[in-house]
Amino acid sequence: MGSDVAELFPEIEKLRVQLLHNVEVTADFRRVEEEISHQEVLTRIENIILGIVTSLSKDEAPVLTLPNRSSWANVSFDSAIGLQMSSGSDVTAVRSDCASSVTKFAQILKILSVIYRLVQSNSYATKRDIYYNNTQLFGSQNTVDHIVDDISCMLKVPRRSLHVLATSKGLISGDLCYMEEDGTRIDCRSSSAAVAVSPNIGGIRNIVSSAKFVLIVEKDATFQRLLDDDFCSKLSPCIIITAKGVPDVNSRLMVRKLWDTLHIPIFALVDADPHGIEIMCIYKYGSVAMSFEAHSLTVPSVMWLGLLPSDLRRLRVPEDALIPLTKTDENKLNSLLQRPYLSSQPDWQKEMELMQQSKVKAEIQSLAAIAPDFLTSIYLPNKLRYGGWI
Amino acid sequence: MSREIQQVLRLVMLLGKQRGVRVQAAGGLLVLLWTKTGAAVQSLNCTVAGAGPWCKGIKMKTLEPDLKESMFPRMSPCPSVPDPEELCAFTDLYGSLRLLLSFQMRDSRLFIPEWCVRIEEFLRMFSLVNAGIKTQLKLQFSQQTFQQEFRVKIKSKVARAKQPSLMLDVTCRTQPPECVKKGCWCQGGHPLCGSRLPLSIPPEAMERGLFGELSIQPVTLLTPCVLQYPNLATQLTNIQVLVCSPSNVPVTGPSTFFQNLPNELDCQELGLHSLHCSLDHVNSGATVYTAKQENLQDSEQELSLPSVQQTLLLFLFLQHSDPFTCHLSDSMATEALIEHHLEGILSNNRQAVTTALQTELKNALKGLNRGKKNHEKLRSAAEVILSSSISIVSCSSNLDFRNACLSSMKVRDTHELSASLRESLRRVTSWKFIPRGKCYPTQVEEQEGDEPTGREI
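Protein chains in written order, with this note's numbering: chain L, 1 to 390; chain C, 1 to 457.
Pulled out of the complex, with its shape left as it was, chain L reads as follows (with noise of 0.2 angstroms):
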């Protein structure tokens, strides 16, 4: 089935080759991931609660202080790994005796106090359960969210090693079979049906695969489509992963895997327009929020498949099926074409201009339009022939 797939898709191969060939070179200069110990993950709390209580001994009123996870000005990129954290970045302080901040002072405590016992008990809760726990000081599941997050940013640990976990909400299938940390073996070779992205990355083991790539698709819908269309049958052996949209952490951690685990290529089906490709970027550069995660976050080795905006014209798809572009849409195109990796990708920078020009964009659904498996059967089997890749 490999040689197959070598021998039809020649260009994949010649791409995976490269690909390892550049892996070897840059090897070393890719960091690699630090464990953080346990005692070191309770050792970062415990110097967290030391200062709070220093500042009340000295009358002063204790503040933390969280890294601005929002701000292009706290992020730099380097084509070797996407958009990181730079050192020195502006900070938010959370103030004890602020109207305004206090609230999220304790919710900060509180979780530091249910991730201590955690790490120290060296068992797992997932955010959901954080919240549920007390939902009258959360709130809502988003301010669990946001303040894991802020936490393994400040305590400069990876969330994982929080032991918090989060539900995944991505769907994998293909060629990929593994064991779970609990010791659950792992089958994604059901053509019918997928399996969902594991809440547990880093446990992963065992990871067996014979795919000589991996498709990201932006949507649920298209998923299902290549799913229906048996698609991993056909062009096997491959492996296809959806988050559903914006990709949440696990699903990001999944794809970083499977490319640490396989290097394989990487392909991204979305659709031609600006929101799919801002989820490409997610994928392949990684977000502003997560910048203090990129290292294990991003695979800047991802290539845009499809749907290109010349796609569009080169195969003619009816006019009816394109739409305009909103004014969000033309805005969020500009704010693409300034971010700072798009000069690294002159390919990309060609294809979004040419949706500027052309003012419309369109889902990977409008191929339905010149017929209904042109999407599987004509479309994606030629990309992938003739390295119809950027």
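Only true hints are included.
Below are the SDA-like pairs computed for lysine to any residue, each with C-alpha atoms no more than 25 angstroms apart in a straight line:
| hint | chain 1 | residue 1 | chain 2 | residue 2 |
| --- | --- | --- | --- | --- |
| 1 | L | Lys58 | C | Arg379 |
| 2 | L | Lys58 | C | Ser307 |
| 3 | L | Lys58 | C | Asn403 |
Some, not all, of what chain L presents toward chain C, calculated at C-beta under 7 angstroms:
| hint | residue |
| --- | --- |
| 4 | Ala61 |
| 5 | Ala106 |
| 6 | Leu109 |
| 7 | Lys110 |
Note that these hints are calculated values from the structure, not bench results.
Backbone N, C-alpha and C define an ideal beta-carbon position, used for all residues, glycine too.
Starting from the known structure of chain L, fit chain C onto it as the hints suggest.
Using the frame of chain L, we list chain C on its own:
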């Protein structure tokens, strides 16, 4: 007797208004009451003396007929003169006398001690709303002297639309708590000028000759000012309502309308549990309501701080204009009519007045209620902060960390640590100080009025 003093002051204030005397015009006012034992009858004498710019231009000879007309029949001119030494002391401070009027009550047995309290209270209120005038009261009975000087340390000018500005005494007379550092306590207050409310004149008042435009201007003053302590819990203990006539002279006497007003107000909207009219102050001139905060749970009371107590002063300045009232005697008569029919006027405008006062009180108490919310937020967050911190210290196996925490707070175990952290957190958060440019960190030096000029009367 206080009625007569009120009439004299009304006359002088109306004269000042007519002459365009500025609200900042300073000077002194002396009210001297003394008795002289005659062969059979004790007589009570009263002298009202004024000096300084506030009574500039007063000519006693032209004033006397108006005074005679407005004085009550039972008063008669005072045959004796006040002690020159008393007057000298006054003129030394405030300059030549521009106003000097003495009158006598024949049978001083009618003079009861409670009147002293009423006069004192009246002059105190007069001083509150006419802070530019330094007011003194002296009582000399049976060779005993009682003296009261109504000191104004901090004044605030309150601008009014289409009306002369007011000069209010905003001095804070509450001692700061011991934990407050020097220079970190506002020595004054910040009056809030509300919206002017037009009043319709009831038919019975019109029949008696009261015409023109009548309105009421509310001004509120919450004291002491704790705006520099945004997290401090305060408790409103009472609201004092003080009504002033168009001449800026306090209107005294009980008011049924104001006594019943608490029943009409929405206490919950004001953040109060209840308001009751205090009958102890019925005759003082101001209507006083005792305020009760919403009931706290026992545990909350235990944890809540000893709060600063605040009083809300609600000044209601009556304003009147009538193009056909230009003579002084007409103005005096109009003021008498307004006072006489005040209950009827307020009742005639009950809904509008109640709604307006509800709004003004709500605005005035906004800061206080915000402080309460802040305090509650901080209190409930503090519980989480403390329990989370203690939880980590308690279950830590890191001896160095535990010892560092205990020694930092100078305690022996986590139980003491919890109490010590709680107290420290309470202290640093409750007494968080943010200086405000508009507050008064020190007492203003008392400023004397214009230099004394002219001659003795």
